[in-house]
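Participant: Got chain R; can you put chains G and P on it based on the hints?
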Amino acid sequence: MDFNVIIDNLPFLMKGLFTSFQLAFFTIVLSLSLACLIAIGRISNKKYVRYPSAIFVNLLRSNPLILIVFWFFFLVPLITGRPLPAFGSVLIAFVVFFSAYFAEIVRSGIQSVGSMQIKAAQSTGLTYPQTMRLIILPQALKNMLPALVTECVIVFQGTTIAYIIGMREFLHSTSLVAERTIRPIELYLFAALVYLIICFTGTRIATLLEKKE
Amino acid sequence: MSLPLVEIKNLSLKYGNYKALKNINISFFPGKCVVICGPSGSGKSSLLRCVNKLEEFDNGDVIFDGQSLKSAKNISQIRSNIGMVFQHFELYPHLSVLNNITLAPIQVKGLSKKDANFNAMKLLERVGIDDQANKYPAELSGGQQQRAAISRALALEPKLMLFDEPTSALDPEMISEVLKVMRDLADNGMSMLVVTHEMGFAKDVADEVVFMDEGKIIERSSSKSFFENPKSERAKEFINKVLLKI
Amino acid sequence: MNYEFNWSMLLEEPYIDWIKEGLLNTVQLSLMAWFIALTIGILIGSIRMMKSPVLRFIGTFYVEIFRNIPLLVQLFIWFFVFPLLLPDDLMRAWNSLDGVPFLTALIGLSLFTAARVAEQIRSGITSIPKGQFNAAFSTGLNTFQTYRFIVIPYAFRIMIPAISSEFLTIFKNSALTLTIGVAEITAAATYIESDTFRGIEAYSVASLSYMFTTASVVIFMTWLENFLRIPGLIGKK
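Protein sequence lines, in the order shown, are assigned to chains R, G and P. The numbering of the first sequence is the numbering used here, which starts it at 1 and goes up by one. The numbering of the second sequence is the numbering used here, which starts it at 1001 and goes up by one. The numbering of the third sequence is the numbering used here, which starts it at 2001 and goes up by one.
Since the hints were derived computationally from the structure, they do not count as laboratory data. C-beta atoms are modelled at their ideal positions from N, C-alpha and C, and glycine is treated no differently. There could be a bad hint or two in this list.
To be verified - Here are the simulated distance ranges between beta carbons:
no., chain 1, residue 1, chain 2, residue 2, range
1, G, LYS1109, R, LEU137, 51 to 59 angstroms
2, R, ILE40, P, GLU2225, 27 to 35 angstroms
3, G, PRO1030, P, PRO2153, 34 to 42 angstroms
4, R, GLY114, G, LYS1241, 44 to 52 angstroms
5, R, ILE55, G, LYS1114, 54 to 62 angstroms
Extracted from the complex, chain R is given alone in its bound form (with noise of 0.2 angstroms):
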């Protein structure tokens, strides 16, 4: 084995890496925003609202990633009328489907906190928005924020998906340089070590913020 291969491309690995991580970032933000409002709509006590949240994430969580990001792949364009860069299409399937699992534990967090909690900070005159701001989700984020961060990482796995569209994100780049070089076995290793460190530490901090409380 020779391990200079990775030093000597570690510049367009590290190109590929920071994709991966852009790709994850805007995944997060963006997801996580929507699915607060899916969340929502999931416990709104307006059938009309309540149930097409439910059909979206069902119909999402049932599906594969992979899948959902061929469906974009090929609807977008359709759509559209002209094709999206590979980043855009992957970008819109991956928020999507993720907000559907992000929604999930937005729900089972601010379903965590108990209805009495609610009645308890209304029957000192708080108006409901100042109840759910004040009392509800401070309590609803800590508990929640293990699974978010669990999720997270999830994520970040899932963005080795965008390899298989041909996005050059960290696993993309790592094959190139592996069938480049010939030297499948010290890249795949490398890539799978560096996946591993990234990962391992968000599910630690995960495990930590569980033991907090």
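Facilitator: Just chains G and P now, with coordinates in the frame of chain R:
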């Protein structure tokens, strides 16, 4: 005087840096009902759990019926001679009441299912819930669950019964049905160690009262003299608080 | 949007055969991988509950490695790297096997999912209140009996939802094996799409297959949960 049933020697117990028990020395004799009381955090429940070695103690030893628990090879064997009743019942939720009671007699003592069932039904009759035998714990009221748990402990025909705050998790109207079963046991000469805040029970049923505070035994008296004439200031204060609720 | 639907082409040769083969591969792969993952997962999960620090470390090591490396990377390692690390004759034997992609996919999916199952087992067991152990020990049951009669039957009921959702995860994850050449249902959909440019029809077949299976599994598991439900304990998941 007969030999002690339980002998606790130089017993210490730590949770991390917190000293739960500090060098306890005390003996309990067969046929007696002893109430252990004291403020919360005084170590009374920890002491009780040491008697059947549910806690790994750091120092000292407990001798039960002549056997040292520290060096005991077969702790399960010793434990099957000591019944224990828990604050939150700890019935096995996935087993019916009857199976909760017969599990240990069948598995530990090797009884046949038929004999175990027969004995269990007699016990359930004795505590007044034989009609609940085939229900599951979560279908019973708290008082019924605790009586089932007492039957489970009695099913092994123990030489000693440990009660760890058996009525603390019960609604007030259910406390008396459990206390009645316990009084019945004491009247029949069962050796009992009872951690409880029920001072009525301590006064009327117990032979002796042990008062603990901060991991130490502060005083030990007959129940009559403990309530009429406590020796220590701390015991006086405690009695006033729990009895008069001031 | 300008698109003319043609659903009937899905029933024509060779597409209908691709779909059938894809479905068969997906179902076979998922079921086999689930079975292996459960076996290994229960083993690793139990090792992590043992007293021996060495065994515990091995269990933890396994879980952290296999759940923190993305599945796709693991599949690539099994497919591209693993054969190269074999001694020459073994490598030749491996390459001459029928269906190397399927076997590779099976190994990759099983080992990845086993780590997740092991975590579920552990959290199922640790969720059992300590008082249950105390109660069992106090009646003289030994550790083995306590696990056999109290902990495992109880933990199993707690873990049914997690285990069934692991199956659904495997089922969806099996789509990733198209990258190493397994012709499962998502792969079949992409073949049809590139052959006919009828993406909506092709992907609908795949999506509906996943949704149908998900719904069936959810319904079956709900039934199973109800069947094993402990009387009196309601809505407690």
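Participant: Between R/ILE40 and P/GLU2225, does the C-beta distance stay in 27 to 35 angstroms?
Facilitator: For P/GLU2225 against R/ILE40, whose Cβ atoms are near 28 angstroms apart, the range 27 to 35 angstroms holds.
Participant: Okay, G/LYS1109 versus R/LEU137 on CB: inside 51 to 59 angstroms?
Facilitator: Holds, at about 55 angstroms.
Participant: In this structure, is the beta-carbon distance linking G/PRO1030 and P/PRO2153 contained in 34 to 42 angstroms?
Facilitator: holds, 37 angstroms
Participant: Against the range 44 to 52 angstroms, how does the distance between the Cβ atoms of R/GLY114 and G/LYS1241 compare: consistent or not?
Facilitator: Since the Cβ atoms of R/GLY114 and G/LYS1241 sit about 32 angstroms apart, the hinted range of 44 to 52 angstroms is violated.
Participant: Against the range 54 to 62 angstroms, how does the distance between the Cβ atoms of R/ILE55 and G/LYS1114 compare: consistent or not?
Facilitator: holds, 56 angstroms
In terms of the numbered hints stated before, the structure departs from hint 4 and from no other.
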